[in-house]
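In case you want the letters, here they are:
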Amino acid sequence: MRSVSEALTASRRAPLLSMLGVVTIAFSLFAFGLFGLVAINIRKALDQVEERVEVRAFVSDSTEIEAVVAAMKDVGEFPEVARVDYVSKEQALERARKEMGEFADVFEAGVLPASIEVYLRSGMRDPTTVKSVADRIRTYHFIDDVRYGEEWVEKLYRLRNIATVAGIALGVAFAAVAIIIIGATIRMTVLARAKEISIMRLVGATDMFIRLPFLIDGLVKGVLGGLLALVFVWVANRVVNEYFIETIFFNREMIFLGIVGGAFMGVLGSLVSVGRHLRRV
Amino acid sequence: MIRLTDVAKEYPRSGVALAQITFEVRKGEFVFLTGPSGSGKTTILKLLYMDDKPNQGEVWVNGVSSLNASGREISRLRRRLGIVFQDFRLLEDRTAEANVRFALEVTGAPKATIRAKVSRALTQVGLASKATSYPRELSGGEQQRVAIARALINDPFVLIADEPTGNLDERATRGVFQLLRDINASGTAVIMATHDLDLVRRSNYRTIELNHGRLVFDSAESPLSARPPDEPFQESEAANDTQESV
Ligand SMILES: Nc1ncnc2c1ncn2[C@@H]1O[C@H](COP(=O)(O)OP(=O)(O)O)[C@@H](O)[C@H]1O
Ligand SMILES: [Mg+2]
Numbered sequence: 001m002r003s004v005s006e007a008l009t010a011s012r013r014a015p016l017l018s019m020l021g022v023v024t025i026a027f028s029l030f031a032f033g034l035f036g037l038v039a040i041n042i043r044k045a046l047d048q049v050e051e052r053v054e055v056r057a058f059v060s061d062s063t064e065i066e067a068v069v070a071a072m073k074d075v076g077e078f079p080e081v082a083r084v085d086y087v088s089k090e091q092a093l094e095r096a097r098k099e100m101g102e103f104a105d106v107f108e109a110g111v112l113p114a115s116i117e118v119y120l121r122s123g124m125r126d127p128t129t130v131k132s133v134a135d136r137i138r139t140y141h142f143i144d145d146v147r148y149g150e151e152w153v154e155k156l157y158r159l160r161n162i163a164t165v166a167g168i169a170l171g172v173a174f175a176a177v178a179i180i181i182i183g184a185t186i187r188m189t190v191l192a193r194a195k196e197i198s199i200m201r202l203v204g205a206t207d208m209f210i211r212l213p214f215l216i217d218g219l220v221k222g223v224l225g226g227l228l229a230l231v232f233v234w235v236a237n238r239v240v241n242e243y244f245i246e247t248i249f250f251n252r253e254m255i256f257l258g259i260v261g262g263a264f265m266g267v268l269g270s271l272v273s274v275g276r277h278l279r280r281v
Numbered sequence: 001m002i003r004l005t006d007v008a009k010e011y012p013r014s015g016v017a018l019a020q021i022t023f024e025v026r027k028g029e030f031v032f033l034t035g036p037s038g039s040g041k042t043t044i045l046k047l048l049y050m051d052d053k054p055n056q057g058e059v060w061v062n063g064v065s066s067l068n069a070s071g072r073e074i075s076r077l078r079r080r081l082g083i084v085f086q087d088f089r090l091l092e093d094r095t096a097e098a099n100v101r102f103a104l105e106v107t108g109a110p111k112a113t114i115r116a117k118v119s120r121a122l123t124q125v126g127l128a129s130k131a132t133s134y135p136r137e138l139s140g141g142e143q144q145r146v147a148i149a150r151a152l153i154n155d156p157f158v159l160i161a162d163e164p165t166g167n168l169d170e171r172a173t174r175g176v177f178q179l180l181r182d183i184n185a186s187g188t189a190v191i192m193a194t195h196d197l198d199l200v201r202r203s204n205y206r207t208i209e210l211n212h213g214r215l216v217f218d219s220a221e222s223p224l225s226a227r228p229p230d231e232p233f234q235e236s237e238a239a240n241d242t243q244e245s246v
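Protein sequences appear in the order of chains H and S.
Numbering follows this note's numbering, in which position 20 of the first sequence is assigned residue number 20; successive positions increment by one, without gaps.
Numbering follows this note's numbering, in which position 200 of the second sequence is assigned residue number 200; successive positions increment by one, without gaps.
Everything labelled a hint here was simulated from the structure, so no lab data went into it.
Among the hints, a few may not be true.
What the hints assert, rightly or not - Okay, derived cross-link-like pairs now, DSS-like style, lysine-lysine, Cα gap no bigger than 30 Å in a straight line:
| id | chain 1 | residue 1 | chain 2 | residue 2 |
| --- | --- | --- | --- | --- |
| 1 | H | Lys73 | H | Lys89 |
| 2 | H | Lys131 | H | Lys155 |
| 3 | H | Lys44 | H | Lys98 |
| 4 | H | Lys195 | S | Lys111 |
| 5 | S | Lys46 | H | Lys195 |
| 6 | H | Lys195 | S | Lys130 |
| 7 | H | Lys73 | H | Lys131 |
| 8 | S | Lys117 | H | Lys195 |
| 9 | H | Lys89 | H | Lys44 |
| 10 | S | Lys46 | S | Lys27 |
| 11 | H | Lys195 | S | Lys53 |
With the hints as constraints, model all of the structure from the sequences given.
Next comes the structure, spelled out in structure tokens:
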């Protein structure tokens, strides 16, 4: 209890710097948090398209049904493939009519080719794997064309990669700044309390006892920074929800993890500087 | 209880501060550490409370050796030492009482015992009536008594005093010195660094004299021989002072 009040006294000596420390921790976690949100929402989007066809191969009109069945059996044995379906010309027409509604009359039997639809196993749906499966299917001579959602799959993955890199880079940069600022706060506090600390040493206070208030100070700042970041991320998420697309938010475990991350940063900032500065007292 | 064996201390820039220092202090003894300024008195005391380690030899205090003491052992040792300085080292923003209490609070002493211990220590140094005064409201002698009360709070087996009367006038010096004698009379060893030769001469305590970091005289080693003449002592102090100002 004494240590907590002492730690807060320490922060009171340098209120501006302390606030800056909290805010930079918050920025760091905010960057990580935004990246995390993008990542979990892309993950959710990918989960939702799980049941969508990944690869569609169009079959030439004159192809014997036996050849198609044999090919489907082959493709079904690819390790990446979960299921293979045949869509006849009639079924294709039927589907198109249903999807297009009022423009259904445009379609005539025979316009749409028959196709085989290939569903991939989960974990095998990244752009590279999809492309390699598509390329293998293309080698059948009776396959006219192979389509897969190359564009949007790639875009989604690229977005996730950008979010990852940007989030980690920004988060780490802010974390470094936060640690430096916390170190500077501690430096000021140690200097202001140099006499007190030297007397503590003389009368036999342990190193841990002397350090503890500084570590608690870092811990409190880290947790505050974590909470502040949570507010930032939550607001950002609300805004996106309101004006752009529906997104999901972190679950309780992830929020807890973020705040623990803040606490870790705060304590680390204290640890790296407290030893160095105490040695000079 | 305290033993220095062939101790040498060297500072990176100023060179040799101590060389070939060997002596022992027994339980309950009173020892003067004398010598001109810069002769190494403070350095020896620092080694005793393990604020620093010797470059050579061993400092052994109550079972703790400079050769292998851990930080925790040193902290524990200091709780059994009383340390007093020329400049008192009191916290200006705390009362006399709070300054004394500080030593107990930061070493995790049980709360229940603190009050009684603090008032006993202040009474022992004759300052019970000034418990709520701040250092700036106290005379130099009184401030030093507060510092001594703080040093006594954990019942030390030895009181280490570095020029405790260095900042005091004649009267306060006598008072503080008498207090140290009383403390010694009740069984606590006292090691006192001073260059006040009057104090040393007026009492009959053991005297260890340093010059340029060497032990040049120990009255316990040569109890029958007289003290070395005073003149060289004065001269070397003057010589040393000019050296320091260079
Ligand atoms: N922290 C230090 N760094 C470098 N030199 C020091 C330090 N402390 C003391 N010295 C040197 O060690 C010598 C002995 O100093 P000190 O023990 O303070 O003497 P005294 O207390 O007898 O006046 C002096 O030459 C002094 O300059
Ligand atoms: Mg000295």
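Status of each hint after checking the structure:
Taken as a hint, the Lys73(H) and Lys89(H) pair is honoured in the structure, with Cα atoms around 20 Å apart against an allowance of 30 Å. Restraint check for Lys131(H) and Lys155(H): the C-alpha separation of about 14 Å stays at or below 30 Å, so the hint holds. Only pairs whose Cα atoms come within 30 Å are accepted, and Lys44(H) paired with Lys98(H) is accepted, the gap being roughly 27 Å. In summary, the hint linking Lys195(H) to Lys111(S) is supported, as the alpha carbons are separated by about 24 Å, within the 30 Å threshold.
Distance restraint check for Lys46(S) and Lys195(H): the Cα-Cα separation of roughly 17 Å lies within the 30 Å cut-off, and the hinted pair is therefore satisfied. For the suggested pair Lys195(H) and Lys130(S), the alpha carbons sit about 23 Å apart, so the restraint of at most 30 Å is met. Taken as a hint, the Lys73(H) and Lys131(H) pair is honoured in the structure, with Cα atoms around 19 Å apart against an allowance of 30 Å. Between Lys117(S) and Lys195(H) the alpha-carbon distance is near 24 Å, which keeps this suggested pair within the 30 Å criterion.
Proximity of Lys89(H) to Lys44(H) is assessed by CA-CA distance (about 33 Å); at most 30 Å being required, the pair is judged violated. Of the pairs offered as hints, the one joining Lys46(S) and Lys27(S) holds, with about 19 Å between alpha carbons and a cut-off of 30 Å not exceeded. At most 30 Å may separate the alpha-carbon atoms for a hinted pair to count; Lys195(H) and Lys53(S) meet this at roughly 22 Å.
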